[in-house]
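Enquirer: Here are the chains, one letter per residue:
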Amino acid sequence: MMQPGLYHLLFISTALFFIGVYGFFTRRNLVTMLMSVELILNSVNLNFIAFNKYLWYDKMDGLFFTIFIIAIAAAEAAVAIAIIINLYRSHQSIDVENTEDLRY
Amino acid sequence: MPNATYIALIPLLPLAGFLMLGIFGRKYFKNTSGVIGAALLLISTVLALYTAYGYFFEYGKVDGVYQKLVPLKYTWLQFSENVSIDMGIIIDPVSVMMLVVVTFVSLMVHIYSLGYMKGDERFPTYYAFLGLFTFSMLGLVVSSNIFQIYIFWELVGVSSFLLIGYYYDKPSAVAACKKAFIVTRFADVGFLIGILILAFHSGTLDFNTLITTLTSPETEGYKSAAAASFMGVSALTWGLALVFVGGAGKSAMFPLHIWLPDAMEGPTPVSALIHAATMVVAGVFLVARLFPVFAISSPNALTMVGYVGAISALIAAIIACTQTDIKRVLAYSTMSQIGYMMFALGVSKYGGEEGLGYTASMFHLFTHAMFKALLFLGAGAVIHYIHSNEMKDMGGLRKYLPVTHITFLIACLAIAGVPPFAGFFSKEEILLAAYEHNTAIYWIALITSGLTAFYMFRLYFNIFWNAPSPLERAGGEVHGEHHGEGGFVMMMPLVLLAVGAAGAGFIPFGHFISSDGKQLNTEFHLQFSIAPVALGLAGIFIAMWMYKKQNNRPDKIAASLSSLYKAAYHKFYIDEIYTFITQKIIFNLIGRPAAWFDKNVVDGMINATGNGTKDISESIKGLQSGKVQSYAIYFLAGVIGLALLFIYWWT
Amino acid sequence: MNLSLLILIPLLTAAAVLLMRNAAQVRWVSLLGASAQLVLAFVLLFLFNQQRAAGNTAQMLFETQYNWFPSWNISFHLGVDGISVAMILLTAFVVIAGVLVSWNVTKMTKEFYFLLILLSMGAYGFFISLDLFILFFFLEIAVIPKYLLIGIWGSGKKEYAANKLALMLMGGSALVLVGLLGIYFSGKEHSFDLMKLAALNIPLQIQMICFPLLFAGFGVFTALFPLHTWVPDGHSSAPTAGSMFLAGISMKLGGYGCLRVATFLMPEGAKEYANIIIILSVIAILYGAFATMMQKDLKYINAYSSVSHCGFVLLGIGMLTKTSMTGAVMQMVSHGLMTALFFAVIGMIYERTHTRQVSEMGGLLKRMPFIGTVLFIVGLCSLGLPGLSGFVAEMTVFMGSWQHPDTFRRIATILACLSIVVTAVYILRAITKTAMGPLKEGFELLTDATWNEKLAALILIAGIIAIGIAPFWLNDLIAPGAEVIMQKLAIPK
Amino acid sequence: MSGANIIFYLLAAITLVSAVLAVTTRMIFRAAIYLLFCLIGIAGIYFWLQYEFIAAVQIVVYVGGIVVLIIFSIFLTQQAGEELPKQKMGRQLFSALAAFCGMALVMLQLVQHKFTTTANKAVEPTVSNIGNQMLGVEEGGYSLPFEVVSILLLAALIGCIVIALKSKPEAK
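Residue numbers (numbering that gives the first Met the number 0), protein chains in the order written: chain A, 0 to 103; chain B, 0 to 650; chain C, 0 to 492; chain D, 0 to 171.
You may find that some hints are simply not true.
To be verified - In the DSS-like style, the derived pairs of lysine-lysine whose C-alpha atoms are separated by at most 30 Å in a straight line are: (1) Lys169(B) x Lys453(C); (2) Lys517(B) x Lys398(B); (3) Lys169(B) x Lys365(C).
As the list claims (entries may be wrong) - Here are a few chain A residues that sit away from chain B, every Cβ distance over 10 Å (derived from the structure): (4) Pro3; (5) Tyr6; (6) Phe10; (7) Phe47; (8) Phe50; (9) Lys52; (10) Asp57; (11) Lys58; (12) Phe63; (13) Ala70; (14) Ile71; (15) Ala74; (16) Val78.
It is worth saying that the hints were derived from the structure and are not from the lab.
Where a beta carbon is used, it is the ideal one built from N, C-alpha and C, also for glycine.
Whole structure, please, built from the sequences with the hints as guidance.
Expert: Below you can see the structure in the form of structure tokens.
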């Protein structure tokens, strides 16, 4: 095993990202889909941090972006859950298959 | 040069009559329209005679040659610098002769119709149509431009159509008028293409220039026309042959004659005017008009004219022997006589003694107009009296219709070529011309002349002799309705025409009309006349033997010649062949598939385009399913696709 | 004379129609407007001839130009030559006749007349535009109202027909637009101005691409085979005046466009594609004629015969001689008048007998002498009787076509000539079956034409006869216009 | 192999395995818990990278906030213990394939790409440094984005309330 470095982190973030994507595609429950989105966001955060740490250690911009993303992710999660709950009220279900109102 | 104004009036007066009676006739001239028409035509006739007198005896001849004068010419439609359709009047021996014939016969018919058509519901319309026809025919004969002749050619066609279909609620009349129009129209296409060819090579549409150009070998036009060839025949011959096709259609030459017998559905005076004396000789007139070009530049085309004429003459004569409808007999007889005129032109040459056929043809045209109009008007009187066209309804009428009987007999003698009636002289000249130039045609003509005498007297005896009058058989039932022969207005034209038919032969025609305008002295060869006259007399006697008294000889002879008789009776099945071609081939094999193709293939393609678009959009619509995950998948696929594109292909 | 009047008068009439209270007012205002158009057209003819007689040899007369969209070099540029004047006259005749025969329209009268007048405005605008963008603009104005006219006032499969017609014509317009843009961007200085473009000589490879686009695009309007199938369906479903406008005016827009835009601007393209045009037009002529022979509905008969007759227009253009092009324009005018009259008569018959099937009619001449006579006149005009306009136009095309000595064009001309027989067959079949023969049962109480129908028919007949008897005035009007196009064709590459 | 390395690999394993389990388990509550572990693992990696502040924020906001929110929403919308409906097999396969392809593509690019690093002196990501730059108004200062994000959060707050408000019955 070798010394962990940039590539390792990038591998983790990419894997995380595509795991999130896989989840987004396969999950039918909106809450679990939201979880997948969180995974994707985290993979991005990890990317920022990794680049900041290994390539541009003289700056902290990656770090700030991560902070902002976390903030926005929190807001997004709140809004998403509000929507999900609202949807649950109107459809009695949060299955994505049942929410087809956005159709031709 | 004459003052043209009055010559222009000759055709224009009937036109005025047409417009006046056609537009206002029904309202204002219900009963007087006939008199108006006849009066206008009387003026025309007088003017025509005056013109003829002036032309032949005063100013027409310069240095012993009759000139072609063009006293009036007005550009109607300019195509290019030299090529234009002009409306003009040409005055030369043929056109002057035709002016006289047309106005005279037309006048006779106008007067005759006063009695014949009396009380008809559409009396003014009838006279309007007659006026239109007379105008067109007069316009045709004075045309100075080949396209002008085509214009009037079409106009006579349409007036013939209107007059044949005059009894428009009779289906047979409607079918006949349609047939006449379409058959002649078909021939006219040939004429039109012929005009295009001739006009292209000569670079003009004007008759005089065209003839001059195409008869002088040194001109460019002649050279190009003779050099250009299609299927081994020179353009000039093609052009002339196609023009002749037009003439053959109008003149009911074999095989375009099928419309003429059916055209007898029209009122009988109309048949006399249009389908016997004037319009049907337009083809002969046309060939005569272009005769120098035919004779000098394209003898092949002229030979074709000769053979077509001869064959038509023979076939028509044979068919005429078997028909029972008297008007149809006359129609076939007309066709046969026009065949005479045609082959007379066909055997003629240009200039001098060699041009005898030309003179003879014109002479026969003239005399034929007299006696054939007379025959038709006589037949009209009979039909008017009997109310039937069929021979079997007639017989022994000489007691009831004495004037008609005598005049009819004169006409029959004239057409049979018995001296000294008109037909004898013209026919002798034609036979002589044929004898000198083409033996085959001469023999055909000789046989035909015998047949002519036979069928004419078959007709004559069947009407006026033979079985007792049907009036007696019918118990005199129709007596009350009729006052003899229709009175003065119907008898006067008969008598006048009879005078013409008897005496026209003594006119020294060669003095006036010849192929090159110079005087042609025709000699009378007694020994030559023996054969045709003998044949004619034989024909008459056979007819007398068979038909004078009622007997069973005709049936016996018909039975012994059964197949020939049957074929002739059915007009050699030519009608059936045409029906087959039009119905089976043109309608079923071209028209129907074309309509089907349009509806299913062409329109199907268009509809398929429309439906295809709809289907595609329908399937695209499915993509917009409202399912978030599907959208995400498309999105990812798009991203991956774009990434691949940008990474591996774009760089 | 200010040519904008030709656009303004229909526009004002249309506006006035919308303000009217009842149907009678609408009719009279429309008639007034249409008469004003007719008068204006005659004034234009008179002034035009006066100018020409005075020696004004400019190609376009009465030019006016306003800047419309300067940044794209679009200007409101109007002007007329003889060809346009002829087309304007035709439009004025058809419009007034169309207004007159629609007298009995009861359904949404106001809107009906509004659309009719609007359509006429589009046609006038199209014929007088010298700027291709304006020309296209008016072309579209002349298309849209037809969709509504057929869709609302039509009969039979009207929705289908309206859709088909609108879509096919729009497709044609799209091709035209692409072609126009191609021309627009061809030169260094981007311009839509017809006169400037004509002086500019469009590059050869642009011509090779844009000519077929423009010709096919305009060809859709003129029933270019095989893009003609909107003609039968559209005409037969349209209301009477709609059919008259469609066949009398709209189909002529295409012919005019083919000549004025495609051939005039791109002579090399025209020469290159002439053979294809000739083949297609001969197919249209013969095939249209044969297809007509099998039709049973009077409107279909006239619609298919329009395909055949418009083939002569395209043939005349494709032959590329001065005479043939003059003939093509004459044929447009002649066919416009004739076919409008034909549809008017069919409408009159249909209003009375409630059928258009030839087999269900007979002996109409007995009960309706006027309508029957008009039917005869129009039929005879259609089959090319001398003295009526059809003959003059067809013969001019034939004469022009024959000027080429090569065999291919000769054969094409001969085939086209043959169509006059077929035309005679179907026309006679139609008119003898309807007007002649014994009177059919149930037709005993039919009435003859009313005053407005008579007036409409007489106006159109006057036009037909004026051309038929004295074609020289029309020839003198059109030939110089064709001459200009010929000069452009004669310039070597 | 040093202890630090072992810790890194351990953290990475925790993160990825719990992420996979989070998206594959059929029990929704367990999914939430796996997500929790995954987020903690990421926080661990931040610690490992010596970005303590970020790690703290990660734990506070994600683990303490978002995951709790998710669990609440699960309680609100779902009976706990109920199995999630199964996705279609084709969809699963296709998604796996797509994810794998995407990953392969990205990894290929990553491996091929040569990253260049800066030679400048490193900046310590201490809380004071972060705070200074976050609220700084000089060049490189993040005060404006900071304000914007605050407003965004406020807007999200209000938005959540509006969306989640029970709509009043219309007919009254």
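Enquirer: Hint by hint, which ones does this structure get wrong, listed from lowest number up?
Expert: Violated: hint 2 alone.
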